[in-house]
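With the hints as extra help, turn the sequences into a complete structure.
These protein sequence lines map, in sequence, to chains U, S, D, F, X and H.
Just so we're aligned, residue 2 is where the first sequence starts under the numbering used here, counting upward by one.
Just so we're aligned, residue 2 is where the second sequence starts under the numbering used here, counting upward by one.
Just so we're aligned, residue 2 is where the third sequence starts under the numbering used here, counting upward by one.
Just so we're aligned, residue 2 is where the fourth sequence starts under the numbering used here, counting upward by one.
Just so we're aligned, residue 2 is where the fifth sequence starts under the numbering used here, counting upward by one.
Just so we're aligned, residue 2 is where the sixth sequence starts under the numbering used here, counting upward by one.
It is possible that part of the hints are untrue.
As the list claims (entries may be wrong) - Derived coverage of chain X by chain H (criterion: at least 3 residues anywhere in the stretch with Cβ under 8 angstroms from a Cβ of chain H; other residues may be distant):
{"id": "1", "stretch": "62-76"}
{"id": "2", "stretch": "119-125"}
{"id": "3", "stretch": "206-218"}
As the list claims (entries may be wrong) - Partner residues are not named here, just some residues of chain F that face chain X (Cβ under 7 angstroms, in silico):
{"id": "4", "residue": "H5"}
{"id": "5", "residue": "A9"}
{"id": "6", "residue": "Q34"}
{"id": "7", "residue": "E77"}
{"id": "8", "residue": "S79"}
{"id": "9", "residue": "G80"}
{"id": "10", "residue": "T88"}
{"id": "11", "residue": "Q91"}
{"id": "12", "residue": "E95"}
{"id": "13", "residue": "Y188"}
Stated by the list, open to error - Examples of chain H residues toward chain U, derived with CB under 7 angstroms:
{"id": "14", "residue": "H5"}
{"id": "15", "residue": "E16"}
{"id": "16", "residue": "Q34"}
{"id": "17", "residue": "L41"}
{"id": "18", "residue": "L69"}
{"id": "19", "residue": "Y96"}
{"id": "20", "residue": "L98"}
{"id": "21", "residue": "H103"}
{"id": "22", "residue": "M178"}
{"id": "23", "residue": "S247"}
The set of hints was computed from the structure by calculation and includes no laboratory data.
Just so it is clear, CB atoms sit at the ideal spot from N, CA and C, and this is done for glycine as well.
There are 6 protein chains.
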Amino acid sequence: MKRHQFSAYSWQEVEEMDRASTTILIPLGSTEQEGTHLPLGVDTFVAESLANEVANNTGALVGPVLPLGYSEWFLEFSGTISLKLETLTQVLREYTLCLIHHGFRKLIFINGHAGNSTAVDVVARECTMSQSARIAMVEIWKIANSLAKDIPDLKENAFKHAGEIMTSVMLYLHPDMVSMDRARVEYVKSGQAPFKAKSSLGLADFKGVEIKVYEGTKTLTESGIMGDPLSATAQKGELIFNALKSYLIEMVTHF
Amino acid sequence: MKRHQFSAYSWQEVEEMDRASTTILIPLGSTEQEGTHLPLGVDTFVAESLANEVANNTGALVGPVLPLGYSEWFLEFSGTISLKLETLTQVLREYTLCLIHHGFRKLIFINGHAGNSTAVDVVARECTMSQSARIAMVEIWKIANSLAKDIPDLKENAFKHAGEIMTSVMLYLHPDMVSMDRARVEYVKSGQAPFKAKSSLGLADFKGVEIKVYEGTKTLTESGIMGDPLSATAQKGELIFNALKSYLIEMVTHF
Amino acid sequence: MKRHQFSAYSWQEVEEMDRASTTILIPLGSTEQEGTHLPLGVDTFVAESLANEVANNTGALVGPVLPLGYSEWFLEFSGTISLKLETLTQVLREYTLCLIHHGFRKLIFINGHAGNSTAVDVVARECTMSQSARIAMVEIWKIANSLAKDIPDLKENAFKHAGEIMTSVMLYLHPDMVSMDRARVEYVKSGQAPFKAKSSLGLADFKGVEIKVYEGTKTLTESGIMGDPLSATAQKGELIFNALKSYLIEMVTHF
Amino acid sequence: MKRHQFSAYSWQEVEEMDRASTTILIPLGSTEQEGTHLPLGVDTFVAESLANEVANNTGALVGPVLPLGYSEWFLEFSGTISLKLETLTQVLREYTLCLIHHGFRKLIFINGHAGNSTAVDVVARECTMSQSARIAMVEIWKIANSLAKDIPDLKENAFKHAGEIMTSVMLYLHPDMVSMDRARVEYVKSGQAPFKAKSSLGLADFKGVEIKVYEGTKTLTESGIMGDPLSATAQKGELIFNALKSYLIEMVTHF
Amino acid sequence: MKRHQFSAYSWQEVEEMDRASTTILIPLGSTEQEGTHLPLGVDTFVAESLANEVANNTGALVGPVLPLGYSEWFLEFSGTISLKLETLTQVLREYTLCLIHHGFRKLIFINGHAGNSTAVDVVARECTMSQSARIAMVEIWKIANSLAKDIPDLKENAFKHAGEIMTSVMLYLHPDMVSMDRARVEYVKSGQAPFKAKSSLGLADFKGVEIKVYEGTKTLTESGIMGDPLSATAQKGELIFNALKSYLIEMVTHF
Amino acid sequence: MKRHQFSAYSWQEVEEMDRASTTILIPLGSTEQEGTHLPLGVDTFVAESLANEVANNTGALVGPVLPLGYSEWFLEFSGTISLKLETLTQVLREYTLCLIHHGFRKLIFINGHAGNSTAVDVVARECTMSQSARIAMVEIWKIANSLAKDIPDLKENAFKHAGEIMTSVMLYLHPDMVSMDRARVEYVKSGQAPFKAKSSLGLADFKGVEIKVYEGTKTLTESGIMGDPLSATAQKGELIFNALKSYLIEMVTHF
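Okay, structure coming up:
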C-alpha cells in the first residue's frame, strides 16, 4: 500500500497539502452479479486498481472506495448488495461536502458501475452550483467501450456485462477470482416480441429505436452474462487496462 | 378535451374498465429554460400532445401530466422550476403504486425530459420486482433523435437542446409560443481545454472519449440554446411529430 | 393556449418581466373520486379554468398545475391517485422556493382540493418567515360555499362533495365529462351512533359539536357523492363559476 | 398521580388489560406564545388536565403527553418550541402504531393545539385504512368555542387565542401561571387592506369571504393576544372546563 | 406546579430573562417495560422529578419533558412505545435549535433512558460545532450507578434494569405505582453459550470481554427484570434520589 | 487477495454456499483524524486486517468494507470524512437486509470505530426482531482495551485515541504509514473546570462521576492525540493484534 491513498495520510499532512490543487480520485464500485464466472466485486476491484495506478502516475490521491452501489435490479441474483439510489446519493453528498469543507476543489469519480452515475450527477451538479468545486466523473466501462476499437483481436466491439472486455480485464488483474469453467456465452434474451431487450437496465429495441421496457433480470439472462466471455484473455485484459490507465492518467493530468 | 384522459373518467367508470389490459400513458414534462426563443414548458407540451394523440389512436388513457421535473442545473436561467431528484422519484413512486393498487398493470411513461429518466428507472425497477406490473418509458427527444435520420432536409442530424428538432416541433404545435426573432445559433462552448463540453448534463469529450465534467450551465451557453434553431420550420416539425406519433402508436399497440 | 401561462414564456422573457410585481397563480388539483357521475379530475379542471380566467383578466401568470394532491382517504375508490402529505409538502416547497429564487414575490395558490391546504400552509409559513415573499391561498370550494348564498335557486346552501355546486360547475365547464345518468342523491351515512359523520375528512357531530371520528370512506358513502347533484344545472354552474371568477379577479387585483 | 395514566402501569398489567376495549386518550399540547399573560404551556396543561379528568370518570387511560406541537409561525415570539409538521406526523405515527401493535384499538387524541390537527388526520387516516383501529380526535378549543354559547356572561362568543375563554380556563386551573397585570385587549391587526387578517394561521377576510394571506405573526399582534382576556374570570373558566369535561366524558363513554 | 417550568412562563417573561445565562434542563424519559412491578414511565418520572428538584435549587428551568424515547428492543413487552432513533434525533434537533434560536446557550439533558443517549450526542455535537451553545447530558441511572457505592446496605453494587436501585427510587417517589407483589429476582439469561448476555442492549460476555450479541429481549428476561428488586426499600430510594439530586445541583451550579 | 472475501465469489458460488451457516464479517472503519502521526484510515485498515485474518482461520467471509463512518466531531481536523449517523444507519440497514434477503443468517460487524456502534445497534435490533438473523458486533478497540491488561510492558493500561495501543498496532501492520517523528504525548485537556473532559466523544468527569459535556474537539486536543504514542512499538502491536485475532477467531468459531 503506497502513499497515494488519501487515508494513508494524517490529518496534519492533509492540512499541509496544497489542497486546492490536489485532485482526489473517488473510486465507486458495486457488489453485484457479474455472471457465473466473475466475482461480485468486479466493478470495485477495477475502479480501485485504476485509481491506484492513476494516482501513482499523477500525484492525485485516491479517496476511500465505496464498494456498494445502486444495483437493485440484480437483487434476484445471490450475493448482490445494493443501496437505494437515494441512499447512495446521500452518501456521495456527504463524502463530497466533507472534502470541499477541507479545501479540496478537484474531485474525479472513478466510477466502475453505471448504476451509480446518476447519484454522482446529482451531487456534482449541486456542488458545482453552490460551491467552488470542479467535479468530473469517468465511467470506466463506458471508456473501455470507446477504447475497445483500438484493441486488436477483440471479438466484442462493445462492452458487455460480464463479456469479453470485463472478463479479460479480470483475467489480467485477478485471474484467481475468475472461473473460466463457469463462463459461457449468453446474450440478453428478447423479452416479449416485438420488444427486444438490450440490457438489464431496461434498454430495449423496438423497430430499431431505443426505448425502455423494464423486466426482471432473471428473465433476461440466466447466467447473468450478457456477452461472450469465452474469447477473453489476460493479454487482451492487459491491453485494455493499460489503455484505460493511459487515458485516465492523461485526463487527470489535464484536469 | 376528449375522453382519453384518465382523469376524465369517474371512479365508477374506472372500476368498470378492464384495468389489467388498459395501458396508462404518464406524460412527464419539465419547466426549464429551452433557449431564448422557446417557452419553459416545451417538454411538458410535447409529451402531453403526443400522449393525447397516441391515446386517441390506441385506447390507452393519459394519466395526469407532471409539469415539474428534475432540471436543477438550469436554475441559473430565470423561470426554471426544478424538483430534487429524490422528490421526483417519490412522486413517481406514489403515482405508480396508486395505479397498481387499482389494478392497472401496463404503464408507459411518455417522458419529455431526459433529467427525469432515472426517477422513472428507480420506480419501474422497484415495481417490476415487487409487483406484477409491466412498465415502459419512451424518452421522446431520444426517439426523435433516432427518427430524425429519416426526416428530409433536417440540418441537424441529432437532437440538440432548443435546436432544429425541438424548435420545429414547437413551430408546428404552438407557433404562438415561439419567438423566432429571439432565436440564434449557439453551441455548447468548450469549457476548459482540453475538455470539450458536449451538453449541459455534464457530458464532455476528452480525446474523443465521452466523460463527465460538470460546469455551471451559463458558462456553457449564454442563450440556453445548444444547436441551430434557425433552420427550424413548422413543416419539419409536423414530419417529426407525426413520425413520433406513428412510432408511439405502434409501440403502445404492441405493449 | 394564451400567454397567461408561466411556462409559455421563455427564460429570457421571464428575466425581462418585473418579477417582483408579477403575481404567480399556482393551481392545485387532485385526482380522486368525485362521485359516480363526475370525473376524477374535477378539482384540477376547475382550479385550472379559474386560474386561466383570472390571469387573463389581471396580468397574473398561471404556474404549472399540480394534478395530484393529498387524497389518501379516497384510495378505496378506483382511480384515486394520492401523494403522501409529506411528499406534496416537499413538492410545493421546492416549487415555491424556485419561484422566489427567480425573484417572484407574490404567489397565490388556487387550491381546488381541501386536502392540499395544510401543505400550502406549511410552505407558506416557512417562506413568509425566511423569505420576503407574500403568499396567499384561495380554496375554491370553500369560497364557492361562501358565495353560494347569493346564487338564486341553489338547493344546497353549502358546498357538498360531488353535490349541486360542484356538479353545476362541471356541467358548465365540461358537460362532456359529466354522466348525469350516474348521479344520485346520497349523504354521508351516520357512522356509529351517536357519532354522526359529516364528511369524508373525519368530521363528525356528537351532540351538536364537531369532533373527528375517522372512518373508511366507503362506509360513509357508497357512491362517493355526499350531496344532491340532481338539482345541478349548467346555468347554476355558470353563475357560480362567474362569481368565483369575479371574486378572484378582484382579490388578485388587490394583492 | 393516579392510575389513570397509561405509563403508571407495568407491562404485565397492560398485558392483562382488555386492550381491545380500553380507550387510550393521547393528550397533545404545544409550547408556544399564548399572549403576554399566559404561559407557553397552556395547550399542554389544559389537554392534560382534561384527559386526566375524563380518564378518571370513564376508565380510559391517558397516554404520554406530547408537549411539543407544530407552531412554527410563532417562532418570532420568545420561548416557542416547534416541531416541523413532518416530524410531528412521524412521532404520532410511531406512537399510534406501537399502541396498535400492543392490541389497543380505540384511540382518542385530546388535542390542545389546532396546529397539530393535520398530523393527527394523516396518521389516523393511514391507520384506519390499514389497521383495525378506531381513532378520534377532539380539538379542545374548537369544542370550547361550540360550548361557549351556553356559558353565561361570556363576552367573547367565540374562542380567541389568549382571549377570554383560554384565560378563564387558566385562571381556574393554574392561576399562579397567569399574569393578569400583563393582560391586555388586542385583536389581530388588519394586514394590508383590503385584506383583513382574522388569525395567526393565515386566515383573512376579503369582501366577507375567508381566504388565506400569510403574514409574519408579529405584524398581526404585538402581544400575541388576539382577543379580550380582561373579562376572563376563574368562575367562567370553571364553567367552561366543566362543560368540556362533561362533553368529553360523554363522548368517550360512547366511543 | 411551580415556576421552575420553562413552559410556565409567558413569551414576554422569556424575552425578559437573561437567556444567555439561564440553563435549561431537558428531561428525557421513555415508555417501556420496567419489569413486572414497575410502571412503564419510570424513566420519565424520575428524570422529571430530578429536573424539578434541581431547577428549584439552582434557578435553572425545566423544559418540556419528552416521555417517548428509543426503546425498540422492548416492543415485545406490552405497553412499550418507542420512537425510531432517527425520529427521536430529529425531535431533539428541532427542540434544541428552537431554544438556541431564542438565545439560550446552556442546555443540559436530564436523560432517564440510556437508549436516548446517542440522539443527544448527535444533536449536541452538531450544535456545538455550528452554534455557540454549551450542551451537557447527565444519564441518571449511570450516575446512580456511580453514586451507589456510597449508599449503605445496597445489595446491588451496580445499576440493573428494574433492580434494586430503580425500584428503591420508585418506592420513594411513587410507591403507589410499584407492585412489590409482582417483583421477583431475575437476571439476564445466558443466551447461547458460550456467549453470556449481560443486558437487553445486546451486551454480552465472551471469555471475559464485552462484545455485542443481539437477541430478542424476551429470550433474555421473562419478567423484564434484570436484577434484584426484592431488596429495594423507600429508604434506600430516598438516599439514592438525594445523592442524585445533590450531585446534579452541584453540576448545574458549576455549568 | 484470497477467497475469504465475499465479493471474490460469483453469484452462483454464493448460491451454492450453505448460506444459513456461513458467517459474514462486515468490517466498519472510518476516515478521521487519528493524531498527527497516524493515517486517517487506521480504523478501516485494522478492521479489515482483522476480518481477513479471522476469515482465513474460520471459513467466515469478509463482506465489503465501509471506509466511512460517523465521525462528525472530528470535522475540525483536515481530512475527516464523516457520514451523518442517520445516513450510516440507512447504509447498514440496506447492506444487512440484502444479506438476509439472500439467506445469510449470521452476521458479525467488525467495528473499528466507536462512533459507528449505535448505527449497528439500531439495525441489528430491527433485524433481530423482524428477521430470523443472528447478529453480533465486536468493537475492536474496546476489545483491545480489555485484552491490553495481558500484554506485557504496555504503558497505557487502557485504549486511548492515537495512543500506545493504536500506534503499536499500526507500527506492526503499516509502519510505512506511521510518522513517529510527528508523534507526541498529549492528553485531553480539561475543558472548563470543574468539568474534566475525558474523551472527544463528550465524556467528562465531574466529581468522579462520568457525565457528558460536549466541546469542540480542537479545544480538547491540539494534535488529535489523546494518549502516549511514544511508547508504542511494532512488537507490542504484534502482540495486541494477535491477541485480537485469536480472540475473534474463537468468537467467530463459536457463533
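Structure-based check of each hint:
no.: 1; hint: 62-76; in the structure: holds (count 3)
no.: 2; hint: 119-125; in the structure: holds (count 5)
no.: 3; hint: 206-218; in the structure: holds (count 11)
no.: 4; hint: H5; in the structure: 12 angstroms, violated
no.: 5; hint: A9; in the structure: 5 angstroms, holds
no.: 6; hint: Q34; in the structure: 4 angstroms, holds
no.: 7; hint: E77; in the structure: 9 angstroms, violated
no.: 8; hint: S79; in the structure: 4 angstroms, holds
no.: 9; hint: G80; in the structure: 4 angstroms, holds
no.: 10; hint: T88; in the structure: 5 angstroms, holds
no.: 11; hint: Q91; in the structure: 5 angstroms, holds
no.: 12; hint: E95; in the structure: 5 angstroms, holds
no.: 13; hint: Y188; in the structure: 18 angstroms, violated
no.: 14; hint: H5; in the structure: 12 angstroms, violated
no.: 15; hint: E16; in the structure: 4 angstroms, holds
no.: 16; hint: Q34; in the structure: 4 angstroms, holds
no.: 17; hint: L41; in the structure: 4 angstroms, holds
no.: 18; hint: L69; in the structure: 6 angstroms, holds
no.: 19; hint: Y96; in the structure: 6 angstroms, holds
no.: 20; hint: L98; in the structure: 9 angstroms, violated
no.: 21; hint: H103; in the structure: 5 angstroms, holds
no.: 22; hint: M178; in the structure: 5 angstroms, holds
no.: 23; hint: S247; in the structure: 25 angstroms, violated
This entry does not satisfy hints 4, 7, 13, 14, 20, 23, going by the numbered hints stated previously.
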